[in-house]
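Join the two chains, each given in its own frame, into one complex according to the hints.
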Amino acid sequence: MSTSTTPAAAPEVAEPPVKSSTPAAPAGSSVWREILTGLLAVVLALVVAAVIICLADPAVRAAAAYFFASPGDLFAAAWHAVGPAYGWLFRGSIVDPATFSSGSATEILGSISETLVYAGPVTLAGLSVAIAFRSGLFNIGGQGQVVIGAATAGFVGFTLDLPWPIQVPLVLLAGMIGGAVWGGIAGGLKARTGAHEVITTIMLNYIGVNVLALLLSVRWFQAPPFTDAISRTVNPGTKYPRLFGSSLRANIGILVVVALCVVVWYILERTTLGFRLRAIGINPAAARTAGMSVGGGAVWAMVLAGALCGAAGAAQIMGPSDQVVGGIDNGVGFDGITVALLGRGKPAGVLAAGLLFGALRAGGQRMASQTGTPVDLVSVVQALTVLFIAAPALIRTVFRMRAEGSSLGQTAAKGW
Amino acid sequence: MTLELTPEETRVPVVEAPRPVRNLAIGTGSCAVLCLLLGLGAGDSGRSSLRLNSPGDYVSIPLITVPTTLTAIVLAVLVAAVTAYLVARRPAGRVRALCTWFAVVAVILAFLLWAASGDPNAQLDAVGLLQATIFLAVPIVLGAMAGTVSERSGIVNVAIEGQMLGAAFLAALVGTVAHSLVAGTIAGVVAGVLVGALLGTFAIRYQVNQVVLGVVINLLVLGLTTYLYSRLLQQDSAGLNQPGTVQPLTIPVLSRIPIIGPVLFEANLLVYLAVVVVVVLNLMLFRSRWGLRTRAVGEHPRAADTLGINVTRLRFRNSLLAGGIAGLAGAYVSIGSVGGFGINMTAGRGFIALAAVIFGRWTPLGAMGAAILFAFTSALNTALSFIGTPLSIPSQILGSLPYLVTLLVVAGVVGRSQSPAADGVPYSGR
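Those protein sequences? They're chains L and D, same order as listed.
First residue of the first sequence? That's 1 in my numbering, and the numbers climb one at a time after it.
First residue of the second sequence? That's 1 in my numbering, and the numbers climb one at a time after it.
Isolated chain D (complex conformation) (with noise of 0.2 Å):
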C-alpha cells in the first residue's frame, strides 16, 4: 500500500440546493444569548463610556455612555429578530452574509459594553483599538491576499507563512545593508517571490501534494532564517539587522477627521499599499482577462486548458505573484512595524491568513473582513487589559480569544465552505 490520496474526480457538481440554515441559526442564536448574558452580567458601575475622539480632530466628539444592560438587551433582541428572520426566510448569498456579519458585530459591541462597565472612570478608547487593529490586520490580509491568488488558479498555499518569515528575514537583513527601506521592501517582495517559486516548482513539475509542501516548506524557511539569524544577524546586530521602521505618512485634511483620520490616514506607507492591494485584486479577479482566467483554471483546467490556457503555467505565475504579496506582508512585519528580524517572528500569522482565505470564501474582500475580525479580537486583547473587566478574565483566556473566535466563526458560521474545484489538483495536461 503506497500512501495516496485520489484525485477527486468523483466530486459532485453543486447542485445548489437550499443551503441548510441551521448550523448559522444555531450560531446567530447563541450570539444573541452571548448579547443578553453580557448585558445581565454588567459590572457594579452599570455605565460604559467610549471614547471616540483624538487629539488633533476637526470635531471633539463627547465621550459617549451608555446603560450597559439595557443597550446589551436591545443588541440581543436585534440579533434574536435577524435569527428569526433566518429561520423564516432562509435567506441566501449577500442577506444572508449581512445577518451573520450583524451578529458577529452585535456580540464584538455587547462585549466591549460589558467590559467597560466595571470601572465607573473607564474609558474604553475606540480609536486606539481601531488603530491597533489595522496595525495588525495589514500582515494578515496581505497574506489572505497570497492566499486567494494562488488557491483561486488551484495551488493550496499553505506556505503563506514560510513566504512571510523569509522576506520578513531578508528586508530586515537587505534594508540595514543598503540603508534603504524601500530596498529592504523589494527586498523582501523578492524573498517572497523566490518562496513561491520553490512551492510553484514543486506543486507543479514535481506535483507533489500542496498541503505537504506547504508545511515542508515552512520548516525550511524557518531552520534557514533562524540558522542565519543566529550565524550572521545576531553576531552583527549593528551592521546586519536595524533597517528603521517605515514611518507613518499623515495624510494631511483627512488624518483629522473624527475617528477615520487617525485610523487610516495616519498609518505607513505598506498599510496604504495593502489598501491598494486589496482594492487592485477584487477587481482584477472578477473584472478582467487574467482574473477570468485564474478563476478557470482554478475550478475547471482541463475546460481552460482546451480553449487554449496555458494552465501550468498562469498557476506558475500566480504562485509567484502569491509569493510577492505575502514577501509584502513579511515586509511589513520585518521593517514596517518592528525594525528588525526576530526569530520566527510571523508568529503563525500566515496560518491565521490561510484560515482568513477559507472564511472569507476565497473572495479578496471576504478575507479582509475576516483578518481584520481577528486582527480585532486580538487588539482588543491588549485594550481590554488596560480597563478592569468586571470579572477578572486570566490573560491566557484573553490570549486565545482570537483564535477561540476563528474556530467558532470557522465551525459555526462558515461550516462545509466551496473551495474552488480544482484547488490543489495537479494538473499533467494530458
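The following block holds chain L by itself, in its conformation from the complex (with noise of 0.2 Å):
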C-alpha cells in the first residue's frame, strides 16, 4: 500500500527532519488527516490500555495460566475484565442507553453535562500552555497559577455580595489577573535574567500550592470554625447559570471558554503582539534581530498563559466547587499540557482535545465508580495518546499509512 505518489520516494525510509516550516499541504486534507491521525491514536492507547487492565486483572491471569488447555477462557475473562469498563467509560461520557426509555432530557444529557464541566479548566489549562508553546516557551507552571487563580476569584467570591451578572465577570477577572501575576513572575525571570522557564515554572507550582495552604490557615481566607483547611463558601452570585437546568452541572463557563479559544485564536493570528509572539517563538534570533523585544515576549506569553490558568482556577470555584480546598487544580495544570500537545498549539485543536479530555475524565469517573477499575486508566489513556500523536511515524507504521509531512514535536528541536 504504499506507493502512488513519486516512484522515486522510498516509502521505509523516515524523512529527513524538514527544517524550514513545512509548505502547508491542500488545507482540507490536512485537517482530515490530523483528526484521522489522533482518532487512530486514541484508538491505539485504549487498546494498549486495554492490555494493561488485563495484565493486573486476578482472572485473566489465572485463564492465562491455563492458555493452551482452553484459549477460550483468556478471551472470556479479558472480554469480562475490560467489556464493562469501556462501556461505562462511554456511558459516562457521551450517552448512557439505558436513559432513553426515560425519556427525560435531563438523564440523556448527564453524561454529556459532565463531560462539560471536566472540559472547561482543562482547554482552558490547555490554551494556556498553547500560547506559551507558539511563543516558544514550556509552561509547566499550570498548576501553581490555576492555584493561585482558583485563592483570588475564590476570594473575590465570598467577599462580594452581588447580583451574578456583575459578579460573575469580576470573579473571572480576578482569578485571571492572580494567574496572571503568578505567570507573569516567569516571564519576567526570564526576560531579565534568563532563568528557564521549566525550571521558574515548576518551583512556582510548588510555591503556589504553598501559598494557598498558607491562606487556607489565615482568619480572613478560612471557613469559619477554623478547623479545616477550606475557604469562606463564595456567594451564590459566584456560580455560573446552569446550562441545561439546575440538576445538571453543566454551566455557561463552557461558553466562555470558546469565547476564549476565539480570543486567542485572534491575539495569535491577527494582531501585532500575536505575531510577535509566534515569531519569537519561531526563531528567536532573527526575531530580535528584526527589533522585536524577547524578553518583552516572554513577559507577554506568560502573561496571558497565567490569565487563562487563572481562568481555569476560577472555573473550578464558580462551577463544581463551593469553596477553595487544597486540591482546587485537580490536575488541571498538567493535563493542560497534553490537552496544548494533542491540540498542536492551535486554539480549535486545544478545544477538540480539552472536550476530549473532558469525556476521558467524566468516563473514567463513572468506570471507577461502577466497575471499580481505577480512574487513573484515564492517564495513561490521554499520556500514550499524545505520546502516539507525537510519533507520526509510529502510527504510520502501525496502520500502514502513507507518509506525509512532519506534525508536532517532531523535529521541534528546542534544547534549553
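It should be emphasised that the hints constitute simulated quantities derived from the structure, not laboratory data.
Because the structure is a prediction, the values reported are computed rather than measured.
Where hints are given, some of them may not hold.
[Unchecked claim] Chain D is faced by these chain L residues, among others (derived, beta-carbon under 7 Å):
id: 1; residue: V48
id: 2; residue: A56
id: 3; residue: I199
id: 4; residue: I202
id: 5; residue: M203
id: 6; residue: N210
id: 7; residue: P374
id: 8; residue: D376
id: 9; residue: L377
id: 10; residue: S379
id: 11; residue: V380
id: 12; residue: A383
id: 13; residue: A393
Glycine included, each C-beta is placed from N, C-alpha and C at the ideal position.
Below, the structure is given as C-alpha cells:
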C-alpha cells in the first residue's frame, strides 16, 4: 500500500526532519488527516490500556495460566475485564443508552453535562500551555497558576455579594489577574535574568500550592470554625448559570471557554502582539534582529498563559466547587500540557482535545464508581494518545499509512 | 501553520565576553543585607547554641554558643567584602563560583543563628540536620546524575521523575515478591532503564520534542503506577508491598569521628553507592574516552559523526545509563528509605533534580552541590519546627523555602546558563 506517489520516494525510510516550516499541503485534506491520526492514536492508546487492564486483572491472569488447555477462557476473562470498563467509559462521557427509555432530556444529557464540566478548565489550561508554546516557552506552571487563580477568584467570590451578571465577570477577572501575576513572575525572571521557565514554573507550582495552604490557615480566608483547611463558601452570585437546568452541573462556563478560544486565536493570528509572539517562538534570534523584544515577548506570553490558567482556576470555583480547598487544581495544570500537545497548539485543536479529555475524565469517574477500575487508567490513555500523536511515524507504521509532512513535536528542536 | 520550533542552527558561537557581574553582585549584595537583617532581628536570648556532638563520638565537642547579632554582622561584612571584590575584580570561573557559594553558605549560617536565638535553651542539632540532608539529598543527587549523563550527550531528560517513580514501584514489588532487597534494587534499575529506553526510542528514532516527551512519559508512569498500585499492591499489601528497608551500614571506626562520622558513615548501602556514582561519573565524563565522546556528541554531533562516532548509538546508550541511575534513585525512594511504594511517592523530586542539573551547569559535582543545597533547605524545614524561631514562621512558608531558594538561585546566580549546544536537538545523520 506504499507507492502511488513518485516512484523515487523510498517508502520505508523515515524522511529527513523538515527544517523550515513545511510548505502547507492543501489545507482541507491535512486537517482531515490530522483528525484521522488523532482518532487512530486514541484507538491505539485504548488498545494498549486494555492490555494493561488485563495484566492487572486476577481472573485474566488465572485464565492465562491454562491458556493452551482452553484458550477461550482467556478471551472470555479479558472481555469480562475490559468490556464493562470501556462500556462505562462511554456511557459516563457521551450517553447512556439506558436513559433513553426514561425519555427525560435531563437524564439523557447527564453524561454530556459531566463531560463539559471537566472539559472547561482543562481546555483553558491547554490554551495557556499552547499560547506559551507558540511563543517558544514551556509553561509547566499550570498547577501554580490555576491554584492562585482559584484563590483570588474565591476571595472575590466570598467577599462580594452581587447579582450574577456583575459578580461572575468580576470573579473571572480576579482569577485571571491572579494567574497572570503568577505566570508573569516566570516571564519576568526569564526576561530579566534568563532563568529557564521550565525550572521557574515548576518551583512556582510548589510555592503556589504552599501559598494556598497558607491562605487556608488565615482568619480572613478560612471557613469559620477554623479547623479544616477550607475557605469560606462563595456567595451564590459567583456561580456560572447552569446550562441544562439546575439538576445538571454543566454551566455557561463552557461558552466562556469557547469565546476565549476565539480570543486566543485572534490574538495569535490577527494582532501585532500575536505575530511578535509567534515570530519569537519560531526563531528568537531572527525576531531580535528584526527589532522585537524577546524578553518583552516572554513576559507577555507568560502573562497571557497565566491569565488563562487563572480562568481555569476561577472556573473551578464558579462551577463544581463552592469552596477553595487544597487540591482545587484537580490536576488541570498538568493535563493542560497534554491537551495543548494533542491540540497541536492551535485554539480549535485545543478545544477538541479538551473535550476529548473532559469526556475521558467524566467517563473515567463513572467507570471507577461502577466497575472499580481505578480512574488513573484515564491518565495512561491520555499519555499514550499524546505519545502516539507526537510520533506520527509510529502511527503510520502501525496503520500502514502513507508518509506525509512532519507534525507536532517532531523535529521540534528546542533544548534549554 | 503547524506547531514547530525550528532547530537553533543559528545559535551564535559563544564568544567568551566578560560575563556581566551585575546580577551576581546584586545577589551576593542582598545576601549581605539579609545577614545583617537576621543579625539585627535576633531573638530575646541574643545567643545561639549549636550542638555538634552525638553519642559514641571519639571526642566530645562542647556546645558552641555565640552572640547572635555580632556573629551575623561579621558574616554580613564578609559577604559585603566578597561583593566588593566581585564588582572590582570581576573574577571568572572557580573564584567566581567560590564567591557565590560563600555568600549562600553565609546566609544559611546567619539564618540558623537567627533561628536558634529565640529560646535560650534551644540547641540546633547540627548533626541531625546534616543527617537529614543526606537522607533527602540521595535521590536528588542520583536523579541529577541521570540528567547530566543524558543531557551531556544531547537528550533533554525531563523524564527523570518518571524513571524514578517507575523504579520505586518495581523495586518495592520485586523486593517483596523475591524477599530480597538486592533483587528489588536491581529491578528498580531495570525499570529505570526501560523508561530510559522509551525516552531514547521516541527521542532518537521518532525525533519527538524531548521536553514534550519527558512530560508525557512522566504522566504515563504516574498513571500506570497509580493504576497498578490500586489494582494490585493495595489489595495484597503483605504479599506485594512490604519489601522492608535497606538497613544502615555502620562503618566501624570512621563512624565515630565527630560530625563527619554519624553523617557520612552510618548510612545505607545505596547512599555509599550514590557517592561512588558521582565520583566515577565526574572522572569518566572528563577523563575517559566515553566522556569525551559523550561531550562531543552533546556539543556538535555532526563533527563527532564525521570522526566516526556513532551518534545515535551513543545517545541511546547514555539514555539507558541515565535511566539506570535514575532507577537507583527510585529504588532508594521506596526500599531505601520508606520500605514500600506509595502513590506519586517521588513527589516532584525528579524535577528538582532537573533544576539541579541546570544549576550545576551540567557537571556532576556542580549538580551534586545544587542537590545538597536543596536537600539542606528541606531538612532545615523539619529542624526549625523543633526549635522555636524568634518570629513564628508558618509551616507553609518554611515548606516553600527549598523551592524559593532554588528559584532565587536559578534566577539570581545562575541566570543564562550555557547548556550543551546540541541538547535537545535531534540528529538525523544526514
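Consistency of the hints with the structure:
1. V48: With a closest approach of 10 Å, the V48 (chain L) hint is violated.
2. A56: Since chain D brings a Cβ to about 4 Å from A56 (chain L), closer than 7 Å, the hint holds.
3. I199: Holds. Min distance 5 Å.
4. I202: This hint holds: I202 (chain L) lies near chain D, its Cβ roughly 5 Å from the closest one there, short of 7 Å.
5. M203: M203 (chain L) check passes; min Cβ-Cβ to chain D is 4 Å, inside 7 Å.
6. N210: Because about 4 Å separates N210 (chain L) from the closest Cβ in chain D, which is inside the 7 Å limit, the hint holds.
7. P374: holds (4 Å)
8. D376: Holds - the Cβ of D376 (chain L) comes within 7 Å of chain D, reaching about 4 Å at its closest.
9. L377: This interface hint holds because 5 Å falls under the 7 Å limit.
10. S379: The hint holds - S379 (chain L) has a Cβ within 7 Å of chain D, the shortest such distance being about 3 Å.
11. V380: For V380 (chain L), the interface hint holds, since the closest Cβ of chain D sits about 4 Å away, which is under 7 Å.
12. A383: holds (4 Å)
13. A393: Because about 5 Å separates A393 (chain L) from the closest Cβ in chain D, which is inside the 7 Å limit, the hint holds.
Of the hints listed earlier, the one the structure fails to meet is number 1.
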